[in-house]
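**Student:** Listed below, chain by chain, are the residues.
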Amino acid sequence: MIKGVLVFNNTGKPRLTAFYEHLPIAEQQRVIRETFSVVSKRPNSLCNFVEDPSIWGDDCKIIYRHYATLYFVVFADDSESELAVLDLIQVFVESLDRCFENVCELDLIFHYEKAMYVLDEIIMGGMVLETNQQKIAQSLQAQGKIDGDRILSRARV
Amino acid sequence: MFEKSLGDLIKGIRAHKRDEAEYIARCMEEIKTELRTTNPKLKSQAVLKLTYLYMLGYDVSWAAFQFVECMSLPKFSHKRIGYLAASLTFDESTDVILLTTNLLKKELNSPNPFECCLALNTLANIVTEDLARDVVADVLRLTDHSDPTVRKRATLSLFRIFLEFPDALRPSFAAIQERMKEENPSVACAAVNVVCELARKNPKNYLGLAPVFYRILTSSANNWMLIKVMKLVGVLCPLEPRLSKKLVKPVSNIMNNTSAKSLLYESIVTVSNGMMEHEQIVQLALSKLGEFLSAKDQNLRYLALVAIGNFQRTSLALVAPFRSAILSCLDDPDRTIRLRALDIVTGMISQDNLVDIIQLIVNHIRTTDGAFRNTLVEKVVQACCQGTYVHVTDFAWYISVLADLAVVPNNVHGVLIRDELINVAVRVKGVRNVAVATSLRLLGDERLYRAQTEQANACQVLHAAAFICGEFGTAEDIESVTIRSARSHQTSQLLHGNSALLRLQMLRVRKRRELLGEIGKYSVRIVGSWRCIGIA
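Chains A and B, in that order, are what the protein sequence lines are. First residue of the first sequence: 10, per our numbering; consecutive thereafter. First residue of the second sequence: 14, per our numbering; consecutive thereafter.
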């Protein structure tokens, strides 16, 4: 199961947070801070995995990707495959890109709830829901139309 | 009144970098007023702003009731925000979850599939035992909905429902099995996902589904499904040896033919967890593992080390061919990889190779950086004392190792080394003279006197050295140290303080021995006198 998904920028400011395993607010902020502290020190040439039980306990793999000014971090337990989760992060970013032409940090800052709706197509309640790029985009487009949402209805299928 | 949209709030926060907290406090007050409105657009915007502030770390639990109100708004774009707020901020202690039951049931039975999906999504995040009991029938019905996006969500949300309300599992299981056979890959995947998660918690109960897993491993082309089933097989095989025999062929096929590294890796791990009795597939897995270990991709090398750790648990001999590759990983610029390599290396320790391996690690300590150095020091001590020193044959050597570790720069394990030195000196009579000689050397070592901050507490070792000299040393030994410390450390107040402490400790130890000696003599005299007067 996926315990949480975080997106924060190069200075540690959260841009999107989803905690599927509930934590009290102070703990959530601690996880964000400590993860940023560990991940920001790692140059891009190192592997995309971190092992640190002090952040979220023993059964927690920390898998991350760094795109320009944003870190995408997924916390997963032993039932998830590390390489598959790396692919999933890629799917998420691709989906964002299909909604926001050439997605950048500003898009996430001002439309964070749209980014959450995109994430909701991929992960639901901590379980992986959909991994097919096409299907995700189709669903977002359809939702966008009934919602009158300019951004989601533009999702490139 | 000019009400701020979410965009305005965000712009405002960005513009108030220096007084962000005050600005947000003002906005919170505005939001509290806005929440009282009956205007659905304003209300939903206020709720949306609160979810944003929640992400920044502000408590919004006081608005839970208003979130529920927002969830009951008629327009989809407005109620969706309420559902988002609920998903993100509600937890087991949120009592208004009870109020959402009827709301959710209404949405689950809506003719609009988007509304069903909305409810299912939030349900998966906030479900409690009571809520689960009330909605499980509706969710089950939705697993047969005409729209696949509803079917897949309904199926997937069942897992969270079962977690809260286990009684629902048995009557629902048939529905899940139906979904596993579906044509639509997303729905089938969702069902397989649920079954795999359930089976990890209770593997024995799912051995009966083995034929289904066999079918998937031999015929599915969906990598996600294959990965989930492969991982599950690794959990089931140890429970049923006949199962692993049957699955050797499909798993080997997958290992030989798949182009997906993720699936290949999971196959290797599954072999290490549940198929170790089958020579051929183990060899196949190890050869694939070798490819991972020598890959340029850091991710693959890290994962190879994880898998080697698995194989090592069953058989040290199997991982021997990888030894030099693993040792070179101790030098890797990537800390994640170094830690794994270190784990494996210490796992290789036996009586025969303890000295060699520890020497190797000690060499690394000299060349590596700060934080990792401390991890290595700790590992060395742990490796030596594990099983109450079962691997250590030469305690004089161990004392010399401890002495080397003590003087490692910025060492935070002063207390650990101190305790170990005392432990060994007290327990192992035969090395006491070595312990004393080493302690005398340490007492004269400048570096230890300087290391007395929170982060670098190697000076603790001096206490051990003083104790050992006082307890097991001769009078001349003690005298020589006192003079040495007095002569060479007169310049610094700090050092003075320390050498005084040490002298006091040594004197205390010696005095205690003398005192005990005196008491002993005195008690002999008393008993003697008692005898004279006929008491004893």
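No lab work stands behind these hints, which were simulated from the structure alone. Wrong hints could be hidden among the right ones.
BS3-like, lysine-lysine: derived pairs with alpha carbons at most 30 angstroms apart [said to hold, decoys possible]:
(1) Lys88/B to Lys123/A
(2) Lys154/A to Lys88/B
(3) Lys301/B to Lys274/B
All values reported here derive from a predicted model rather than from experimental measurement.
**Student:** Need the list of violated hint numbers for this structure, in ascending order.
**Tutor:** none
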